[in-house]
Amino acid sequence: MSFFLEVLTGGLLAGVMYSLVAIGFVLIYKASGVFNFAQGSMVLFAALTFVSLVERGVSFWGAFVLTLLTMAVLAWLIEWLVLRPLVNRSPITLFMATLGLSYIVEGLAQAVWGAQVHALEIGINDEPYEVFGILLSQFDLFAAAIAGGLVALLGVLFNKTRIGIALRAVADDQLAALAVGIHLQRLWLIVWAVAGFVGLVAGMLWGARVGVQFSLSLIVLKALPVLIIGGFTSIEGAIVGGLIVGASEKLAEVFIGPLIGGGIENWFPYVLAMLFLLVRPYGLFGDKAIERV
Amino acid sequence: MLYKEAGQFITEYRLDKRFFRLKQERWAFAALLAFAYLVVPAIGNDYWFSAILIPVLVLSLAGLGLNLLTGYAGQLSLGSAAFMAVGAFATYNFHLRIEGLPLIASLILGGLTAGGVGLVFGLPSLRIKGFYLIVATLAAQFFVQWVFTTFSWFSNNSSSGVITAPPLQILGTDLSTPAGRYLLTLTVVVALGWLAKTIVSGELGRKWMAVRDMDTAAAVIGISVPKTKLLAFAISSFYLGIAGALWAFTYLGTVEPHGFDLSRSFQILFIIIIGGMGSILGNFLGAAFIVLFPILLSNLTTSLLAGAIDPGQLENFQKMIFGALIIFFLIKEPNGLAKVWQTVKQRLRVWPLRF
Numbered sequence: 242m243s244f245f246l247e248v249l250t251g252g253l254l255a256g257v258m259y260s261l262v263a264i265g266f267v268l269i270y271k272a273s274g275v276f277n278f279a280q281g282s283m284v285l286f287a288a289l290t291f292v293s294l295v296e297r298g299v300s301f302w303g304a305f306v307l308t309l310l311t312m313a314v315l316a317w318l319i320e321w322l323v324l325r326p327l328v329n330r331s332p333i334t335l336f337m338a339t340l341g342l343s344y345i346v347e348g349l350a351q352a353v354w355g356a357q358v359h360a361l362e363i364g365i366n367d368e369p370y371e372v373f374g375i376l377l378s379q380f381d382l383f384a385a386a387i388a389g390g391l392v393a394l395l396g397v398l399f400n401k402t403r404i405g406i407a408l409r410a411v412a413d414d415q416l417a418a419l420a421v422g423i424h425l426q427r428l429w430l431i432v433w434a435v436a437g438f439v440g441l442v443a444g445m446l447w448g449a450r451v452g453v454q455f456s457l458s459l460i461v462l463k464a465l466p467v468l469i470i471g472g473f474t475s476i477e478g479a480i481v482g483g484l485i486v487g488a489s490e491k492l493a494e495v496f497i498g499p500l501i502g503g504g505i506e507n508w509f510p511y512v513l514a515m516l517f518l519l520v521r522p523y524g525l526f527g528d529k530a531i532e533r534v
Numbered sequence: 077m078l079y080k081e082a083g084q085f086i087t088e089y090r091l092d093k094r095f096f097r098l099k100q101e102r103w104a105f106a107a108l109l110a111f112a113y114l115v116v117p118a119i120g121n122d123y124w125f126s127a128i129l130i131p132v133l134v135l136s137l138a139g140l141g142l143n144l145l146t147g148y149a150g151q152l153s154l155g156s157a158a159f160m161a162v163g164a165f166a167t168y169n170f171h172l173r174i175e176g177l178p179l180i181a182s183l184i185l186g187g188l189t190a191g192g193v194g195l196v197f198g199l200p201s202l203r204i205k206g207f208y209l210i211v212a213t214l215a216a217q218f219f220v221q222w223v224f225t226t227f228s229w230f231s232n233n234s235s236s237g238v239i240t241a242p243p244l245q246i247l248g249t250d251l252s253t254p255a256g257r258y259l260l261t262l263t264v265v266v267a268l269g270w271l272a273k274t275i276v277s278g279e280l281g282r283k284w285m286a287v288r289d290m291d292t293a294a295a296v297i298g299i300s301v302p303k304t305k306l307l308a309f310a311i312s313s314f315y316l317g318i319a320g321a322l323w324a325f326t327y328l329g330t331v332e333p334h335g336f337d338l339s340r341s342f343q344i345l346f347i348i349i350i351g352g353m354g355s356i357l358g359n360f361l362g363a364a365f366i367v368l369f370p371i372l373l374s375n376l377t378t379s380l381l382a383g384a385i386d387p388g389q390l391e392n393f394q395k396m397i398f399g400a401l402i403i404f405f406l407i408k409e410p411n412g413l414a415k416v417w418q419t420v421k422q423r424l425r426v427w428p429l430r431f
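These protein sequence lines map, in sequence, to chains P and H. Count along the first sequence from 1, then add 241; that gives the number in my numbering. Count along the second sequence from 1, then add 76; that gives the number in my numbering.
Check before you lean on any hint, since a few could be wrong.
[Unchecked claim] Counterexamples of contact, computed for chain P against chain H with all Cβ distances above 10 angstroms:
(1) S243
(2) F245
(3) E247
(4) V248
(5) F301
(6) L309
(7) Y370
(8) S378
(9) I387
(10) N400
(11) K401
(12) A434
(13) L465
(14) A493
[Claimed, not checked] In silico BS3-like pairs for lysine-lysine, Cα to Cα no more than 27 angstroms straight-line:
(15) K529/P to K205/H
(16) K271/P to K401/P
(17) K303/H to K529/P
(18) K271/P to K205/H
(19) K421/H to K99/H
(20) K93/H to K303/H
(21) K93/H to K395/H
(22) K395/H to K408/H
(23) K529/P to K271/P
Simulated from the structure, these hints should not be mistaken for lab results. Every residue gets a Cβ at the ideal spot worked out from N, C-alpha and C, and that includes glycine.
Sequences and hints are given; from them, build the entire structure.
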């Protein structure tokens, strides 16, 4: 029983990390209707920039701020070069553009900072705690706390500030938002920059755990089923989805994996998401689309 | 006027429905086929066959498969490589396990198997649409790759999951020379290309386009949307399966499951973006572009910069250029190279005037 609980909590805490990447997605999808496949590359880019700056002797907070500025510049470039010319095009076109974007960002990150694996030390030692006979990784708890703080921060940003109200207006109806004088392009810029910030936090946490390397950009593939289960438009959904995916994939790997050959972590979340969709086609917290001819 | 259609009158529906309505187009196509069948095998060398012509043809076929699904029926898929893998492994197994089955028969059976698997992974499309469907195709991508790496039965108990090509013999003729493999690939691609053209210009193609443009409206005018979507998945996967088998057997001669990973799916998606969504010709242009462009790029950098850039860095630049090209095409020419070709034809038609 305690082994089961240990696997479960381990999975839940890993799920928090997926949620972090998924939140970046949700922000962008809500504000600009873009299904941003490049979020994973942005995580890689941010983490690689941060770790390379630290390795070159910049202090922790200095590197953090510099990376944030870089992500803001990246957001501005994306808004200017990709989103603006593609305004009013079909969502599938925008999605494919972000596929291209992910290639550019990945290539750029590695061209500038190199492709080797960097170790990232953010000052958390990974000694397990024992709580009620269950071993909990200290690092995972820390990550969960960070994620919780981030969500609270985003909650304040989106519920209490003018920007947040504008964002919700845009998510509701872009044209109406434009009509009441919301500066759409500035808002996109802010949202992409905030997504870059979320990407940096996610990248730092992931990077501290597995090293900053190319595989960070593949987290996007873990975040997809999270979004599908939670629904594209809800931050709560991203968190609940992340927990479901994290817990179920670890449980499946440990308890079902050995029966059918192991290594099922790759596809299990997808099959789970698919089954989920057959019951609830718009995800747990997603908006139901009403179609008319 | 270099290219005119004046004086070519169409008086019967039968003539109106031909693939090439203009005499010039028919002649040009016949000349192209004659060139591909008669001249190319005589003048081509091994490098051209093995490194350029065969991969271009195979990737065109794969692009065609995805284009039927995405370009015509409007269902976005990121799992093309999975169906290629199914085709390759199924063809291999049919050939291995059924004594004396002709190569063409195992190829068709392999394609049909891929079609069946595609149908299964297309089932969620009845209930979910748009981006949510990506998850089903990605599930196919990861699941299929896992199956072929985990269960060695599919690769005849080879420990690393590698399969090797069966002897390429058709009606007693040995086709394992580069020219032979080229001719086999070309024949399959021409036959399936013709079939695809027939499908998309016929009733089924119209239904696909109706579903793509607005499925609710299509349902209202009496099109059975589930049947249409599932047929798109099945036929698209059939094409991808055949392409996968050709990729394994006539191009590489050997393949491992890893050869059909997600980046292959992206490559095929890029072919149809660059070539042109909803165009048969576009697949060939896109595939040629995607095979030739990296070769051109690396030749250029080695000749201009004489190896000043190291290969890893070159790969990064290649990635960035590809990404930029995708975005450029989406912004400037959403209908791809096929549209460029249309524009050229129009220019030739009115030459020397501009409009």
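The hints, checked one at a time:
1. S243: It holds; S243/P is separated from chain H by about 30 angstroms at its closest Cβ, greater than 10 angstroms.
2. F245: The claim stands: F245/P keeps its Cβ more than 10 angstroms from every Cβ of chain H (closest is about 24 angstroms).
3. E247: 26 angstroms, holds
4. V248: Non-interface label stands for V248/P: nearest chain H Cβ at 21 angstroms, farther than 10 angstroms.
5. F301: The claim holds: F301/P sits with its nearest Cβ about 28 angstroms from chain H, beyond 10 angstroms.
6. L309: With a cut-off of 10 angstroms, L309/P remains clear of chain H, as the shortest Cβ separation is near 23 angstroms.
7. Y370: Correct as stated: the minimum Cβ-Cβ distance to chain H is 34 angstroms, above 10 angstroms.
8. S378: At about 26 angstroms from chain H, S378/P clears the 10 angstroms cut-off, so the statement holds.
9. I387: 27 angstroms, holds
10. N400: 26 angstroms, holds
11. K401: Since the minimum Cβ distance to chain H is about 30 angstroms, K401/P lies beyond 10 angstroms and the statement holds.
12. A434: 20 angstroms, holds
13. L465: 6 angstroms, violated
14. A493: Non-interface label on A493/P holds, nearest chain H Cβ at 13 angstroms vs cutoff 10 angstroms.
15. K529/P to K205/H: 12 angstroms, holds
16. K271/P to K401/P: 17 angstroms, holds
17. K303/H to K529/P: Holds: K303/H and K529/P sit about 24 angstroms apart, inside 27 angstroms.
18. K271/P to K205/H: Holds, at about 18 angstroms.
19. K421/H to K99/H: 14 angstroms, holds
20. K93/H to K303/H: 25 angstroms, holds
21. K93/H to K395/H: Not OK: K93/H and K395/H at ~42 angstroms, beyond 27 angstroms, violated.
22. K395/H to K408/H: Cα-Cα ~20 angstroms, so holds.
23. K529/P to K271/P: 14 angstroms, holds
The structure does not agree with the numbered hints 13 and 21 stated previously, though it agrees with the rest.
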